[in-house]
Amino acid sequence: MMNWKQGLRAFQAVVRPHISAAQPTLVRAKRTTKLAPGASRVINMVSVISARKKQPRRLKMCKEDQVRHQMIMAAWKLHLRDEKAERTNKLKAQYEKITEACDELQKLDPALYEAATAREKGKRFSPEMRIPTDTPPRQPWQFDWSPPDK
Amino acid sequence: MPPRPLRAGILLSRNPIVTKEPSAFVKAFYHYQDELERRLMWTFPWYFYFKRGTLSQRKFDSLQKGPMPRHKGVYYPEGIPDVKHNRERRSKQVVNLPSQSGDGEGDKIIPQSRTTQADEKKDVRSLERKLDSTLYLVINNKEWRLPSFEVSEEATSLHEAAEAGLRELGGSNINTWTVSSTPAAVIKGEVPEFVIKSHILHGQFTPKDFDFAWLTKEEIKEKVKPEYFSSVEALL
Amino acid sequence: MRAFSTSARAAGKTAVSIVPPVHHTVKFRKSQLMDKYASLQIPRSSVTSPKYRPQRTCQDRVREHHINTVESDMMLITYAHNQQVLVGNKPRPRKGDSPYQLYQPQRVPYGGTQATKDIKVRSWRNVPMLEAITINCFVKPATMNHDLAAAAKVMLQQITGEKPTSVYARTNVPSWTLRPGMPMGAKIKLTGQPMNQFLTTLTEIVLPRSKTFTGVSNSTGDQNGNITFSLTADDIRHFPEIEGNLELWPQTFAIDLCFHTSAQVDPEARTLLSAYGLPFVGKERYPARW
Numbered sequence: 001m002m003n004w005k006q007g008l009r010a011f012q013a014v015v016r017p018h019i020s021a022a023q024p025t026l027v028r029a030k031r032t033t034k035l036a037p038g039a040s041r042v043i044n045m046v047s048v049i050s051a052r053k054k055q056p057r058r059l060k061m062c063k064e065d066q067v068r069h070q071m072i073m074a075a076w077k078l079h080l081r082d083e084k085a086e087r088t089n090k091l092k093a094q095y096e097k098i099t100e101a102c103d104e105l106q107k108l109d110p111a112l113y114e115a116a117t118a119r120e121k122g123k124r125f126s127p128e129m130r131i132p133t134d135t136p137p138r139q140p141w142q143f144d145w146s147p148p149d150k
Numbered sequence: 001m002p003p004r005p006l007r008a009g010i011l012l013s014r015n016p017i018v019t020k021e022p023s024a025f026v027k028a029f030y031h032y033q034d035e036l037e038r039r040l041m042w043t044f045p046w047y048f049y050f051k052r053g054t055l056s057q058r059k060f061d062s063l064q065k066g067p068m069p070r071h072k073g074v075y076y077p078e079g080i081p082d083v084k085h086n087r088e089r090r091s092k093q094v095v096n097l098p099s100q101s102g103d104g105e106g107d108k109i110i111p112q113s114r115t116t117q118a119d120e121k122k123d124v125r126s127l128e129r130k131l132d133s134t135l136y137l138v139i140n141n142k143e144w145r146l147p148s149f150e151v152s153e154e155a156t157s158l159h160e161a162a163e164a165g166l167r168e169l170g171g172s173n174i175n176t177w178t179v180s181s182t183p184a185a186v187i188k189g190e191v192p193e194f195v196i197k198s199h200i201l202h203g204q205f206t207p208k209d210f211d212f213a214w215l216t217k218e219e220i221k222e223k224v225k226p227e228y229f230s231s232v233e234a235l236l
Numbered sequence: 001m002r003a004f005s006t007s008a009r010a011a012g013k014t015a016v017s018i019v020p021p022v023h024h025t026v027k028f029r030k031s032q033l034m035d036k037y038a039s040l041q042i043p044r045s046s047v048t049s050p051k052y053r054p055q056r057t058c059q060d061r062v063r064e065h066h067i068n069t070v071e072s073d074m075m076l077i078t079y080a081h082n083q084q085v086l087v088g089n090k091p092r093p094r095k096g097d098s099p100y101q102l103y104q105p106q107r108v109p110y111g112g113t114q115a116t117k118d119i120k121v122r123s124w125r126n127v128p129m130l131e132a133i134t135i136n137c138f139v140k141p142a143t144m145n146h147d148l149a150a151a152a153k154v155m156l157q158q159i160t161g162e163k164p165t166s167v168y169a170r171t172n173v174p175s176w177t178l179r180p181g182m183p184m185g186a187k188i189k190l191t192g193q194p195m196n197q198f199l200t201t202l203t204e205i206v207l208p209r210s211k212t213f214t215g216v217s218n219s220t221g222d223q224n225g226n227i228t229f230s231l232t233a234d235d236i237r238h239f240p241e242i243e244g245n246l247e248l249w250p251q252t253f254a255i256d257l258c259f260h261t262s263a264q265v266d267p268e269a270r271t272l273l274s275a276y277g278l279p280f281v282g283k284e285r286y287p288a289r290w
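Protein chains in written order, with full-length UniProt numbering: chain B, 1 to 150; chain X, 1 to 236; chain F, 1 to 290.
Simulated from the structure, these hints should not be mistaken for lab results. These numbers come from a predicted model, not from an experiment. Be a bit skeptical, because a hint or two may be false.
[As the list claims (entries may be wrong)] Mimicking EDC-like on lysine to aspartate or glutamate, the simulated pairs with C-alpha atoms at most 20 Å apart in a straight line are:
| no. | chain 1 | residue 1 | chain 2 | residue 2 |
| --- | --- | --- | --- | --- |
| 1 | F | Lys140 | F | Asp234 |
| 2 | X | Lys20 | B | Glu86 |
| 3 | F | Lys189 | F | Asp256 |
| 4 | B | Lys54 | X | Glu233 |
| 5 | X | Lys20 | B | Glu83 |
| 6 | F | Lys51 | X | Asp34 |
| 7 | F | Lys163 | X | Glu37 |
| 8 | X | Lys188 | B | Glu104 |
| 9 | X | Lys92 | X | Asp61 |
| 10 | B | Lys121 | F | Glu71 |
| 11 | B | Lys54 | X | Glu37 |
| 12 | B | Lys90 | X | Asp61 |
| 13 | B | Lys60 | X | Glu35 |
Pulled out of the complex, with its shape left as it was, chain B reads as follows (with noise of 0.2 Å):
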């Protein structure tokens, strides 16, 4: 007869073997006592996490596999480097926008450009902006909006 302690104990010669590599606990032969709830829980528990028994056949592809895959994710390596190309170019372009913007607004107004090109400190985006979802709300825009009374 094992009580539950021992069956942890068991449980963890297996899962843990660094902390009761002392013990000599380890039971090899088939459990056919029942566990008590506690050690049940924990070994239910840490299972989800073990890949005993859990991971799948290792992916074998045949060749003209390999190969479509191969031109598939060449494929993908191209379509990124374009985004990836446009996205740069974009911002480049909006760089020397900003640039070519601060140094007229220098020429034609120093005290607005001291305005306008003066560190923000505690700039934060609006909490109202909010990261678009794949389908929308049910109601898209909020027209009916009025400041807030001071």
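Could you slot chains X and F onto chain B? The hints should help.
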């Protein structure tokens, strides 16, 4: 007081509300990668979520289509089954989850349509059109262009002048967030126009005297003069 | 005089040359060359590797938001006109006029013991972005009950969907019954799609429903653009994966989150994180070089 020799323009944009519809290639790629990931996933630990010997476990079990068991001396045309933890290891695992409220009708989520009434009516003044792209405000003041305003001598900064001008033009029932006090571009002309970037969050733009539209980049290209478009194209 | 790693010991010299050109910097075990380990040499990005996992399996709305809106806005917000590189405090090299100085450490920087980084010119190439989120869960009572560390590991797996690694005690404190090697919790570093998924769950579901969380303190930050805050054990219960089967979780554990951004200074990192819906509270202090 005489106005300064420059104007403050505003690039007011409505950010996308829904994600962009991916292209056919991107969709196919995501599908391929998703299937590969499902194939490589570990077996679903059902015993963690459905306690053994309970009603919920029985419900879950009844929904699963078990794998083909392996028997000696049987010929399997699709390969010998490799079953572990009630899962066929050679393929992806299909898990059918029981619905929360019995029959499965009550908890079905019906998503809203990604196209709105404004899209059907082609109402360019509505902020509910083209939910998946950024819209920019353009006005028709003699010609189609971004709104711009005079900067008086008392004005201390460009972005405040632009925001105040916007409210003067289109009413105060508009909630915006100015991106930065730094101008994003200058549109050169007789009077140089410094463009301030801003996002509309709530409310609407309702001018009295002239026409306006919320347009995407491609639509602006068709509407404004080519030389004007080339000066603002980088911003859109 | 140069020597090879095998012959140097016999010649009474160090095994590896530390003066360039340095050879033998990559160490390997002979067992790694065995045929049965051949598959481990394949890079994990290759589909033939047993460690292969697809990276992009669905549309990523946070990434889309970043590219559409946040990126160009951040560039405009952080823009500084006519910038120069702001050189940080550096260790001072010795003059080198004496042979004794060859292996002496450099002198500490002026005005402090810590070297600081240069602040480079901001341009379209280095717009701040969120690079990773590290979640660290350290369970103090795990010294008494080892199962708590395992439970913390499973909890992290549940809320992130990725596999965490265990953390172990490194010091010996007898009065706390703490010994080296004890499992004390778990940690995980999220990047890419799982990071964005975790971020939206956090800002859209968990934080708005938390009773204690008022915002991330404006005073956190390591001066390199990394922002840290923590969630209490009760906040964890608002994660949908935990809330869905609360009876399995009689005990949850507090976690520490670190948001790694590529911002060069902390205020810019805070601005960036606010774009994803993280609120900030408290008084903010600004670095001298900015």
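Tested hints:
1. F/Lys140 - F/Asp234: This hinted pair holds, its Cα atoms lying about 17 Å apart.
2. X/Lys20 - B/Glu86: 16 Å, holds
3. F/Lys189 - F/Asp256: Roughly 12 Å separates the two Cα atoms, so the pair holds.
4. B/Lys54 - X/Glu233: Cα-Cα ~54 Å, so violated.
5. X/Lys20 - B/Glu83: Holds, at roughly 14 Å.
6. F/Lys51 - X/Asp34: 16 Å, holds
7. F/Lys163 - X/Glu37: 15 Å, holds
8. X/Lys188 - B/Glu104: Answer holds: X/Lys188 to B/Glu104 is near 10 Å, not above 20 Å.
9. X/Lys92 - X/Asp61: Holds, at roughly 18 Å.
10. B/Lys121 - F/Glu71: Holds, at roughly 19 Å.
11. B/Lys54 - X/Glu37: Holds, at roughly 15 Å.
12. B/Lys90 - X/Asp61: 54 Å, violated
13. B/Lys60 - X/Glu35: 15 Å, holds
Of the numbered hints stated above, those contradicted by the structure are hints 4 and 12, listed in ascending order.
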